[in-house]
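Using the sequences plus the hints, can you model the full thing?
The numbering used here puts the first residue of the sequence shown at 1185, with every later residue one more than the last.
Keep in mind that a hint or two might mislead.
Estimated spans, in silico, between C-beta atoms of each pair [claimed, not checked]:
no.	residue 1	residue 2	range
1	GLU1344	GLU1321	37 to 43 Å
2	ARG1421	PRO1386	50 to 56 Å
3	ASN1235	GLY1364	56 to 62 Å
4	ALA1345	ILE1197	50 to 56 Å
5	LEU1413	PHE1187	15 to 21 Å
6	LEU1413	LEU1440	18 to 24 Å
These are calculated hints, taken from the structure and not from any lab test.
In this text, a Cβ means the ideal position worked out from N, Cα and C, and glycines have one as well.
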Amino acid sequence: MRFLLRPGWLALIAVVVGFVVACYTLLAPWQFGREAQRDAQQQAIDASYANPPVPLGELVAPGTGVGPDVVWRQVTVTGEYLPDAEALVRLRVMEGKPAFEVLTPFRTDDGRLVTVNRGYVTSPSGSIVPEFAAPPEGRVTLTARLRTNETDPQARAPFEADGHRQLYAADSRTLAAATGLALEPGYLQLNPDQPGVLTPLPVEPNTGGAPFTNFSYALQWLTFGAIALFALAYFVRLELLQRRKGTDRKAEKAALRRALAGEDGEPGAPDETPAGETPLADRYGRR
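Structure (structure tokens):
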């Protein structure tokens, strides 16, 4: 087994062990975690259909923002839109086309400032803002789903282009910083047929036709880790067999050389050929 200490084998063992550790401690648990998140999200969506809409204040206290325990629940709010503080979320893709989501601040009758996601509009290009309808003026009542803020991993700042304020994530915190409004954390995703809605955002996750996807990926990573271990054991065993065969061949050749040397009549080499057997030199030829 000393061959395992050679640099090539040490490198192979390190790679295999590292891959197996990653499979069992990182990749598979990550996929299991995503599956659990998908399951929790689907349960929350199912619960939102089972529970009728309630006033916002019953689920979210003023100033607290949307928490994970009430995500997707349906609420009602009454007040008016603030179109001057509107912003677009860029770099979206809907129906296979570039799109912009429209975030419009909303002041409720009791003075709360919340962000309403009015849906999206598609565009022929991700850099061209299409025309879209303005929100209605005056007092309206909305039914929407509670959503938590997104986060832009690159923390890119909002900017003005084509006469519109543009963001990189549906984030009321970024919109609040850009407009100076004290918007509460989270936002309201408008249901279809509501005042001011554009093309309503779909309710996610859409798992139709692909259940347990992350669970199956997790099982695949566990399987890959096991295969890597079995493959390493197989190659080690194969190397051992090859080395044993090589040792046996060397022993056979050495014995043959010793036998041939005895038949050649070297001094002190007795004739050990049993009676009735053909000398080895006659069988294999003399050198």
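Hints versus structure:
1. GLU1344 to GLU1321: 37 to 43 Å: violated, 23 Å
2. ARG1421 to PRO1386: 50 to 56 Å: holds, 54 Å
3. ASN1235 to GLY1364: 56 to 62 Å: This hint is violated: roughly 35 Å between Cβ atoms.
4. ALA1345 to ILE1197: 50 to 56 Å: holds, 55 Å
5. LEU1413 to PHE1187: 15 to 21 Å: holds, 19 Å
6. LEU1413 to LEU1440: 18 to 24 Å: Violated, at about 41 Å.
The structure shown violates the earlier hints numbered 1, 3, 6.
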